[in-house]
Amino acid sequence: MASSVPSYAMPAISSPLKIIGSLVTPRARSRGEAITERLRNKHGGPGLRMSIGRLSWNETVRRFRLVFLEVTSTPNYFFGKNVFNFASNDTITLSGGSEDHTSYGVYGWPNVSLNQIPTGEYTLQAFLNQYETVSRSDGSTISIRFPCGDGALNVNGPGSLATTATNFTVSASQQTVELSFASVVPQIDFNGTEIGGCSQGNYEDTETVKYVKIRSEVLSKFWNRDMYVGANVKLPFGYNASDAGTRYPVIYSQDHWAGGDIAFAGFGGGNWTTDWDNGIIPGVNGTADLNTANLGPYGDAINDELIPHLDAMFNTIAEPYARIQEGGSTGGWESAANLIFRPDLFGACFSSYPDSLDFHRHQDIPLYDNENAYTTANRSAVYSIREVINGTLTEVTTVAQENHWELTYGTSSRSSGQWDIWNAVFGVQGLNGYPLEPWDKVTGEIYPQAVEYWKPMDLSNYITSNWNNTKNLGSVLKGRVYIYVGSWDNYYLNEGVEEFQKRTDAKGGAGWANVTVLANQTHGGLYQRREIWNYLEFLDSFIKDHAPDGKTPLSTAAVSTAARGNQWEEVIARGGHDAALARQADPKLNLKSRGQGRSTMEASVGRWDPGVMLRAQWVVDGKDEGEAFRVKQQDTLVHKHSDSCKLQLKVTGRKRNYADETRWSSIVET
Numbered sequence: 122m123a124s125s126v127p128s129y130a131m132p133a134i135s136s137p138l139k140i141i142g143s144l145v146t147p148r149a150r151s152r153g154e155a156i157t158e159r160l161r162n163k164h165g166g167p168g169l170r171m172s173i174g175r176l177s178w179n180e181t182v183r184r185f186r187l188v189f190l191e192v193t194s195t196p197n198y199f200f201g202k203n204v205f206n207f208a209s210n211d212t213i214t215l216s217g218g219s220e221d222h223t224s225y226g227v228y229g230w231p232n233v234s235l236n237q238i239p240t241g242e243y244t245l246q247a248f249l250n251q252y253e254t255v256s257r258s259d260g261s262t263i264s265i266r267f268p269c270g271d272g273a274l275n276v277n278g279p280g281s282l283a284t285t286a287t288n289f290t291v292s293a294s295q296q297t298v299e300l301s302f303a304s305v306v307p308q309i310d311f312n313g314t315e316i317g318g319c320s321q322g323n324y325e326d327t328e329t330v331k332y333v334k335i336r337s338e339v340l341s342k343f344w345n346r347d348m349y350v351g352a353n354v355k356l357p358f359g360y361n362a363s364d365a366g367t368r369y370p371v372i373y374s375q376d377h378w379a380g381g382d383i384a385f386a387g388f389g390g391g392n393w394t395t396d397w398d399n400g401i402i403p404g405v406n407g408t409a410d411l412n413t414a415n416l417g418p419y420g421d422a423i424n425d426e427l428i429p430h431l432d433a434m435f436n437t438i439a440e441p442y443a444r445i446q447e448g449g450s451t452g453g454w455e456s457a458a459n460l461i462f463r464p465d466l467f468g469a470c471f472s473s474y475p476d477s478l479d480f481h482r483h484q485d486i487p488l489y490d491n492e493n494a495y496t497t498a499n500r501s502a503v504y505s506i507r508e509v510i511n512g513t514l515t516e517v518t519t520v521a522q523e524n525h526w527e528l529t530y531g532t533s534s535r536s537s538g539q540w541d542i543w544n545a546v547f548g549v550q551g552l553n554g555y556p557l558e559p560w561d562k563v564t565g566e567i568y569p570q571a572v573e574y575w576k577p578m579d580l581s582n583y584i585t586s587n588w589n590n591t592k593n594l595g596s597v598l599k600g601r602v603y604i605y606v607g608s609w610d611n612y613y614l615n616e617g618v619e620e621f622q623k624r625t626d627a628k629g630g631a632g633w634a635n636v637t638v639l640a641n642q643t644h645g646g647l648y649q650r651r652e653i654w655n656y657l658e659f660l661d662s663f664i665k666d667h668a669p670d671g672k673t674p675l676s677t678a679a680v681s682t683a684a685r686g687n688q689w690e691e692v693i694a695r696g697g698h699d700a701a702l703a704r705q706a707d708p709k710l711n712l713k714s715r716g717q718g719r720s721t722m723e724a725s726v727g728r729w730d731p732g733v734m735l736r737a738q739w740v741v742d743g744k745d746e747g748e749a750f751r752v753k754q755q756d757t758l759v760h761k762h763s764d765s766c767k768l769q770l771k772v773t774g775r776k777r778n779y780a781d782e783t784r785w786s787s788i789v790e791t
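Those letters in the sequence shown? Residues 122 to 791, by my numbering.
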């Protein structure tokens, strides 16, 4: 099932545009090398002046990205900036760069400022992403890019603008480079003619591959625009649509953006299904096939709208035992989550090297315990990527480097990058309408209150919290969860798997979930590193064993709807716009004591989203008293006054990608 989701790439202050660019030095480097190297300030840096020619392109939601590169190399320096109300024949100048103003200023990677680009010969190219402002049905309004069959490219996608690549010399003196956006990136040329325009792409059916796309009622209602989900279906050898008596199980294979690809297409050659006649295989894509407050009811769209459509369209066995979830990496997490949240719909999951199943280790971040996502308690870096180099497992890229790189593509968790989509899927909405981020993207400071809202997506926490209650997951899921990971996983995903195993084993005993950790194996491959035929036969055996006439059929209790989780009404009530508003509160004054001509007042600073920096100011008889001072959300303030007066407290909050806001307490007469 294809489920390409809106690309989060914009801040919450107003409708911007993103200018994006990058620069490369002569020597091509690996991903780890390129991210790791950082150069110090060398000179004043170039200024960049960009304009749009006379184009039919009237939207005012934009983001620039600048790309500095050597012609023979890959981009080495990236700079991004949100630009507001930028239209045809307008001109914008970019210069400098700072960590302090990421929502409206220039921010670069690996060097934050354009002033830090070393002197030398470069090629420069700029990209301009177009975003739309949308008001969702829960009352939130955001600016994002909707994919057009491109899988949410973070730069140079259909409808965006690009300049031509320009060679220039960065010198030690001040200089200005002028670029012009002269053309619009065309839409992808698809062959198919399905509904929904370019949404999800359009691909031409073949005799054995069918592309299915439907309009989702629940997603369209949430987004207040037409939204679509789809599936890439590989028919088994000998499939006859007229033979309704011959029915097939279904493997739901999760992926990232599948495009027109078919599940397992890269394993065993293009005709791998010719000899295996036991399943229809829909290729499933997207991190959003669950109900999430930021992306909407994708779980309901796929499970309650698309799957019934597929069951009606094809000769499937529409029973849980005959629906298998499988996938790797992000698809591994999705496949596990789909079973865990919908055990009444699916029979089992076979999840390989899944994204973090337990947030005690979000990759290598102890998310519940650390104060910072980028450094440990002893200030050493937390790494995100490791590789086997000359036989040695070697750390190559830090969490900070990846997050800072994403930030050049988009603010407010909208870069289309991996860390940002996790924020959108696992978290709730912030007051600004965008994902409530678990840490400061620049500094790495973790916000424990924001992390608390991730817990329903912590799969071991979810299972153990619903072990013996009405969901009874300890019994319902036993023997149905299959997890594989290598001990040398490139993204440290083995650590989340091991935390998951530790906590579920503590509840259900050793082996409650079938967990395989293969020594010295890295990220990739099929489940347990099986060959394609062996894997498919393995899945076929599981299906047969758990059929009504099999060795160990699924019981009625195991597929009861009482075990279903991730209910949309609960998700949006807990994490949508109304919930974000309900988290807020104005400052409050209370009279603590009065007597002998002296009054003592206590005040709370109100409730704010995690990460908001606060400054308080006492106001006496309508005038500021003294200087404003820093406060924290949990602080209780005390004011003592010897004369009668009208006392008030005002508190101003500031946070990246939030509008500055000042809140006032009521006036209390002392």
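No lab work stands behind these hints, which were simulated from the structure alone.
One or more of the hints may lead you astray.
[Claimed, not checked] Cut-off 30 Å, straight-line C-alpha distance, at most; resulting in silico cross-link-like pairs (BS3-like, lysine-lysine):
1. Lys713 - Lys744
2. Lys709 - Lys342
3. Lys709 - Lys771
4. Lys771 - Lys761
5. Lys628 - Lys665
6. Lys767 - Lys713
7. Lys713 - Lys331
8. Lys767 - Lys744
9. Lys709 - Lys628
10. Lys628 - Lys599
11. Lys761 - Lys709
12. Lys767 - Lys753
13. Lys623 - Lys576
14. Lys709 - Lys753
15. Lys771 - Lys753
16. Lys761 - Lys744
17. Lys331 - Lys342
18. Lys713 - Lys771
19. Lys713 - Lys761
20. Lys672 - Lys599
21. Lys599 - Lys576
22. Lys665 - Lys709
23. Lys713 - Lys672
24. Lys744 - Lys709
25. Lys709 - Lys767
26. Lys713 - Lys665
27. Lys599 - Lys623
28. Lys665 - Lys744
29. Lys628 - Lys713
30. Lys576 - Lys753
query: Does the alpha-carbon distance linking Lys709 and Lys342 stay inside the 30 Å limit?
result: Given that 30 Å is the threshold and the Cα spacing comes to 38 Å, the pair is violated.
Holds or violated: Lys761 to Lys709, with C-alpha atoms at most 30 Å apart: Satisfied, since the Cα-Cα distance of roughly 16 Å is no more than 30 Å.
message: For Lys767 and Lys713, compute the direct alpha-carbon distance and say whether it is at most 30 Å.
response: holds (15 Å)
- prompt: Do the alpha carbons of Lys713 and Lys761 lie within 30 Å of each other, as the hint requires?
  reply: At roughly 10 Å apart (the allowed maximum being 30 Å), Lys761 and Lys713 satisfy the hint.
query: Are the Cα positions of Lys599 and Lys623 separated by 30 Å at most?
result: Status holds; Cα separation ~15 Å.
- prompt: If you draw a straight line from the CA of Lys628 to the CA of Lys599, is it 30 Å or shorter?
  reply: holds (11 Å)
message: Against the 30 Å threshold, does the CA-CA distance of Lys709 and Lys771 hold or violate the hint?
response: holds (10 Å)
message: Tell me if the straight-line CA distance from Lys599 to Lys576 falls inside 30 Å.
response: OK: Lys599 and Lys576 at ~21 Å, within 30 Å.
task: Assess, step by step, whether the Cα of Lys331 is no farther than 30 Å from the Cα of Lys342, and give holds or violated.
output: holds (27 Å)
query: Are the Cα atoms of Lys672 and Lys599 separated by 30 Å or less?
result: holds (16 Å)
message: Holds or violated: Lys709 and Lys753, Cα atoms, limit 30 Å.
response: holds (14 Å)
- prompt: Are the Cα positions of Lys665 and Lys709 separated by 30 Å at most?
  reply: violated (64 Å)
Hint violations for this structure: numbers 2, 7, 9, 22, 23, 26, 28, 29, all remaining hints satisfied.
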